[in-house]
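*Asks:* Spelled out from the first residue to the last, the chains are:
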Amino acid sequence: MSEDVRSLAAGVTAEPAVQGTPESEELLTINFGPHHPATHGVLRLLVTLRGEEVLDAHPYIGYVHTGIEKSCEDKSYWKVIPLVERMDYLAYYFNAMAFCMAVERLLDEEVPARAQYLRVIHCELNRIHSHLVWLGTSALDLGAISIFWYCFRERDKVLDLFEYSSGQRMHTRYVQVGGVIEDIPAGWAEKALAFTYEMEERVGQYEAMLDRNEIFLQRTKHVGIVPEQRLLGLGVTGPLLRAAGNPWDLRKAAPYSSYDDFDFRIPVGTVGDCYDRYRVRVAEIRESCAIVRQAIEGLPEGPYITTNRKVALPPRHELATSMEALIHHFKLVTEGFRVPPGEAYLPIEGPRGELGCFVVADGSAKPARVHMRDPSFVNLQALREMVVGGYVADLITNLAMLDPILGGIDR
Amino acid sequence: MPDATGLELIAHDLGEQVPGSVAGTEHYRGIATLIVDPGRVVAALRWLRDTPNQAYAFLASLHGSDYLPESPRFGVHYELLNMDRVERLHVKALLEEPGDGELPELDSCVELFPTADFQERELYDMFGIRFRGHPDLRRILMPEEYEGWPQRRDFPVGGEPVLFTHNEHRTPRWYE
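Sequences listed follow chains A and B, in order.
The working numbering puts the first residue of the first sequence at 3, with every later residue one more than the last.
The working numbering puts the first residue of the second sequence at 27, with every later residue one more than the last.
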């Protein structure tokens, strides 16, 4: 008995086992998510690893699929707005704007200049807000916790502005078909202006925290490079494409909502790695501040929503005196407006890329089909190309810098 | 966007190069729509992508629609984009419903536009349109064992019971 134990013990060595595949060659398939803080939502990845190296990564999505597109078919046009806002929950102004612009195209409805400016101001504030959430959570994924608190401090100021102008912090239902729901309140413009100046200073502070941080630089530089042509083939748009050196931005390429009135630049990267993606987004915050300032300073006078009573609600004070206004109000609130048959796809530049809304109208007061081309959904296809061949730690970096919003992916 | 004349020129050239591919054109509210024959979608898309003076090389979006009760019933929409000229072309293929529970079929364009991968899977998931030659045609948003095509117009809204603790006895063995 004792001899057996001794002979066994003699066989135990620190040398690697000779039989079978070496440990370094052993493949391991792990399930990453869906409930994982670094997935920024409920994204599930099936990752095949050889040691630390990623051999394959497959996204599995649909965990927060709520059938919003289906629900939209059962609502009148103006009731669809709160629903589409909940798709990409960090870009609610953009979702509402894409939908409203598609409906306006089908109605052939002009939007007053003041409304266009107000939309631009809120969209750009929304872009800052979205990028701040991205920066905070991404830096958190890379191990920097303080930047998270700083970003959320500024994000709260944007949300305060949204609450001030529309009564809601998120999902504001501010953009309406034909304009916006309400003019900005007294004192709002000064607050927003003060915020843009403060934000620019804060961006410099964020950069000071991250740009000379060796851990941050080592984890982002030369990580996840995908050639520009491949990105285009995969349909990638937004900061990811611009980081690869392609200055494609719909605000410049095909200006909508009077974006051609403003003087701003499109930041582009040179290498196309995760560091460039970070730089491009941070630079976009600065440009957004500039756009907000110009829009507030040049805000034209005039109506904030179309005066076409068939589309937009009449002002409240008219209801007491005008029978006509009361009828319009009643019709709009009960049935809603009808849209002539047709279909339109309308893209705008969201914080994550081309956000397009496809609307099919069948002549009734409800849309026959609403589809959002969500940039997160399309961009997610590039994740595999970014991470294969890298390390697991780079997978986290890539996912963070991809900035997927699962509410938009799953809709 | 190509204007109405430009659209007719594209349709004419495409009809010559890929015979029988053009089924019609529409120009509505500044959006140029090219309706193509479902059997020749890939050939038409390839021509639009590779012909030097067309060069619609970017597929911005691919989505579907259900025109019930019209016939042909299903529409598959390709939003092509030329980034140099900033021109968008809306290419649409209309599919008949085959009947007998069969699924309508269309050739996949993943070879031409890798971005179509997820979007064709979404169309299959939501409308039950089968894409021939797609590398991995599975449901993408709904659970894999799900039955039915939720975005079709004859699929009812609100058909899914939501499971709470107070009603779980009504769906016994739900956890399986």
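Think of the hints as simulated: they come from the structure by calculation, not from any bench.
Hints are not guaranteed to be accurate.
To be verified - Restricting the straight-line Cα-Cα distance to at most 30 Å, the calculated cross-link-like pairs of lysine-lysine (DSS-like) are: (1) A:81 / A:223; (2) B:118 / A:333; (3) B:118 / A:159; (4) A:368 / A:193; (5) A:159 / A:81; (6) B:118 / A:193; (7) A:77 / A:368; (8) A:254 / A:223; (9) A:159 / A:254; (10) B:118 / A:368.
What the hints assert, rightly or not - Pulled a few chain B residues facing chain A out of the computed Cβ check, cut under 7 Å: (11) 54; (12) 57; (13) 105; (14) 112; (15) 140; (16) 141; (17) 167; (18) 175; (19) 183.
Ideal placement from N, C-alpha and C gives every residue a C-beta, glycine not left out.
*Asks:* Evaluate each hint against the coordinates.
*Replies:* Cross-check of the supplied hints:
This hinted pair does not check out: residue 81 of chain A and residue 223 of chain A have alpha carbons roughly 45 Å apart, beyond 30 Å. For the hint pairing residue 118 of chain B with residue 333 of chain A, the CA-to-CA distance comes to about 35 Å; that exceeds 30 Å, so the pair is violated. The hinted pair formed by residue 118 of chain B and residue 159 of chain A fails the criterion: a straight-line CA distance of about 45 Å is larger than 30 Å. Taking the CA atoms of residue 368 of chain A and residue 193 of chain A, the gap is about 38 Å. The hint is violated against a cut of 30 Å.
The hinted pair formed by residue 159 of chain A and residue 81 of chain A meets the criterion: a straight-line CA distance of about 28 Å does not exceed 30 Å. Under the criterion of a C-alpha separation no larger than 30 Å, the hint pairing residue 118 of chain B with residue 193 of chain A is inconsistent with the structure, at around 47 Å. Simply put, residue 77 of chain A and residue 368 of chain A have alpha-carbon atoms about 6 Å apart, close enough for the 30 Å limit, and the pair holds. With a CA separation close to 28 Å, the supplied pair residue 254 of chain A and residue 223 of chain A stays within the 30 Å bound.
Between residue 159 of chain A and residue 254 of chain A the alpha-carbon distance is near 28 Å, which keeps this suggested pair within the 30 Å criterion. Proposed proximity of residue 118 of chain B and residue 368 of chain A is supported: the alpha carbons are some 22 Å apart, at most 30 Å. Hint status for residue 54 of chain B: holds, given a least beta-carbon distance of 5 Å to chain A, under 7 Å. The beta carbon of residue 57 of chain B comes within 6 Å of a beta carbon in chain A, closer than 7 Å, and the hint placing it at the interface holds.
The beta carbon of residue 105 of chain B is positioned within 7 Å of a beta carbon in chain A (closest approach about 5 Å), and the interface hint is therefore held. Look at residue 112 of chain B: its Cβ gets to within about 5 Å of chain A, closer than 7 Å, so that hint holds up. Evaluation of the residue 140 of chain B hint against chain A yields a held restraint, the C-beta minimum of about 5 Å falling below 7 Å. Interface restraint check: residue 141 of chain B against chain A, minimum CB-CB distance 3 Å, threshold 7 Å, status holds.
Here the hint on residue 167 of chain B is kept, as its CB sits about 4 Å from the closest CB of chain A, short of 7 Å. Contact between residue 175 of chain B and chain A, as hinted, is not supported at the beta carbon level, the nearest pair being about 11 Å apart and thus beyond 7 Å. Because the closest C-beta pair between residue 183 of chain B and chain A is about 5 Å apart, less than 7 Å, the hint holds.
When the structure is compared with the earlier hints, violations turn up for hints 1, 2, 3, 4, 6 and 18 and for no others.
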